[in-house]
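S.K.: With the hints as constraints, model all of the structure from the sequences given.
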Amino acid sequence: MSEWRNLISCIQEGRSRCRVVATRDYVLALDEFEHASSLGPDLTRLRGRSVVLSVRDMAKVAAALIDLDGCARRILLAPPGWDSRRLEAAASDAEADVLVHDVEGASTLTSVELAVACRLPLQPMSSPRIANLETEWILPTSGTTGAPKLVRHTLRTLMGAIGDAPLQQWATFYDIRRYGGLQIFLRALSGRGSLILGAEGESLSSLLARFGDAKITHISGTPTHWRKVLISGEGLRIDPEYVRLSGEIADEGVLAALHALYPRARIEHAYASTEAGVAFVVDDGKAGFPASWAERDGVVQMKIVDGTLHVRSNRSARGFLGEGALALTDDEGFVDTGDMVERRGDRYYFAGRRGGIINVGGSKVHPEEVETALNANAIVRASRVFARTSPITGALVYADVVLRDGFLPDAASEGEILGACRASLPAYMVPAGLRFVADLPMTDGGKLARHG
Amino acid sequence: MSLRATILKEIETVAANQKKTLPPLTDGLALNDSGLDSLCFAILVARLEDITGRDPLSEAQGGQFPRTIGEFVALYEEARV
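Heads up: the sequence lines are chains A and B, in that order.
Heads up: the first sequence begins at 1 in the working numbering, then just goes up one per residue.
Heads up: the second sequence begins at 1001 in the working numbering, then just goes up one per residue.
No lab work stands behind these hints: they were computed from the structure.
Note that CB positions come from ideal geometry on N, CA and C, so glycine has one too.
Fair warning: there could be bad hints in the mix.
To be verified - Covered stretches of chain A (chain B as the covering partner; in silico rule of three or more C-beta atoms under 8 Å from a C-beta of chain B): (1) 230-242; (2) 424-437.
Claimed, not checked - If you want the ones that stay clear, here's a sample from chain A, every Cβ over 12 Å from chain B, calculated: (3) L167; (4) E268; (5) D346; (6) A378; (7) S390; (8) L418.
Said to hold, decoys possible - Some but not every residue of chain A turned toward chain B, in silico, with C-beta under 8 Å: (9) L204; (10) T224; (11) A257; (12) R388; (13) P391.
M.R.: Right, here's the structure in full:
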């Protein structure tokens, strides 16, 4: 018996005939993985390989993860919407030799030897499954100015916060390729219940109806997902016992509104990051967390350095991958989360990101990346991106812009600049509005002043 | 321009900028069926705060979230400036 578990052994332990991972388009019966796979009849050709998993459909992502964990040496979990340039760079850092995809005729990567299609329904395997490697899971996270950081985990670090789960029927609004969604995927697979997931382009009505039909008991999403549910007026299609919020700051407004909607549910907000892992879960219905937790000893330890939360635990990643990768922890093993906290009374409250990273509905935006796009415009001399608080998405991207001589600070200029941004940036990164200014403040060191 | 007309015009502007197709904007239309996503609503609410000085969604701590276009407009009409 190996000292770690892989996904297949998790599924076997929680054995039950009717456990599924279901999306709108597919139902994966978990007991079928005993003798069938999504990656063809012969999994031995994937043994010990470093695999880039670039699959669009979430049911296929789930199937491929079950097939690859314990078999591949390394899985790089590519997020949706990555272009080939990012994929190539990450594949090179991960020394990938296999690409798993689900788009027929997709251009393969120059560095890989083998491209394997992920297909559903599962196909019978020609030989019994062997899953006995401790696979490295690589999760990309947004790095500064474009280059994603590749965070190294194993199933042990990813599942460090997951205890014994009785019968829980899980659902999540998350994509399981993101840390918050992956936690729910692993929680469901290591338990005894099923997991219901969204499909690409699916409406909230359809999703909530499917969650309701499946009689889900446990459900997770970001505060932005939950605000969307509150606005939809369709929240009562589900009757959960447990509601979890993570990925963004949970304010008292959204917590109180969810408590009013689901009076019998336990409502918790979790604090976690891809690098630091799950640090804690707050269950008293209030925003922030008790200040005493910063001093407590236990599986997870915290310290506050210059107003920023640092976390040490066995759930943290093993490090970053790639040439010239920075150290993940300080000398004492603490991960600097970059999340700033403020103490008010006997609680700490989250106060946004250090370095100005803007969290728009769970998607992190580096101001520098938006400024680069703005400054590429022929009519822009300089720009400074800043966050504006939003009751819907937590924050929005805004920008101060200095125009080049001869251009007027009018609607036409704004339309031209934002139109160019929309063509080159994902929607959440495009400034929601511009302020035309004559000059931008500088620090004494000659850098753009980010605060004030 | 009335507050209602301002709100409807802003909804159309945001939808056009974000390349979303709107159904006819009636009072009974569920916000959920409007074709606008969370990002669109966030942008709409910020623009309306700039234009009207009202920000009822931030002030409704734990209160009711509007579900239809009619409720959304009413929330702004009732909000203090």
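S.K.: Please go over all the hints and tell whether each is borne out by the structure.
M.R.: To see whether the hints hold, each was checked on the structure:
Figure legend: the segment 230-242 of chain A, annotated as covered by chain B; annotation consistent (5 residues with Cβ-Cβ distances under 8 Å, at least 3 required). Judged by the Cβ-Cβ criterion of 8 Å, the segment 424-437 of chain A is covered by chain B as claimed, because 4 of its residues qualify and three suffice. Separation of A:L167 from chain B is adequate, the least Cβ-Cβ distance of about 31 Å exceeding the 12 Å criterion. Chain B leaves A:E268 outside its interface by the beta-carbon criterion, the shortest separation being 17 Å against a cut-off of 12 Å.
The claim that A:D346 lies off the interface holds: its Cβ sits roughly 21 Å from the closest Cβ of chain B, which is beyond the 12 Å cut-off. With a least beta-carbon separation of about 21 Å from chain B, A:A378 lies farther than 12 Å from that chain, consistent with its non-interface assignment. Against the 12 Å criterion, A:S390 falls within the reach of chain B, whose nearest CB is about 4 Å from its own CB. The non-interface label for A:L418 is inconsistent with chain B: the shortest C-beta to C-beta separation is roughly 7 Å, within 12 Å.
A hinted interface residue such as A:L204 counts as satisfied when its beta carbon comes closer than 8 Å to some beta carbon of chain B; here the least separation is about 6 Å, so the hint holds. At its closest, the beta carbon of A:T224 sits 5 Å from a beta carbon of chain B; the interface hint therefore holds under the 8 Å criterion. Residue-level restraint check for A:A257 holds (minimum Cβ-Cβ distance to chain B is 5 Å; threshold 8 Å). Look at A:R388: its Cβ gets to within about 6 Å of chain B, closer than 8 Å, so that hint holds up.
The beta carbon of A:P391 is positioned within 8 Å of a beta carbon in chain B (closest approach about 4 Å), and the interface hint is therefore held.
In this structure, the earlier hints numbered 7, 8 are contradicted, and the remaining ones agree with it.
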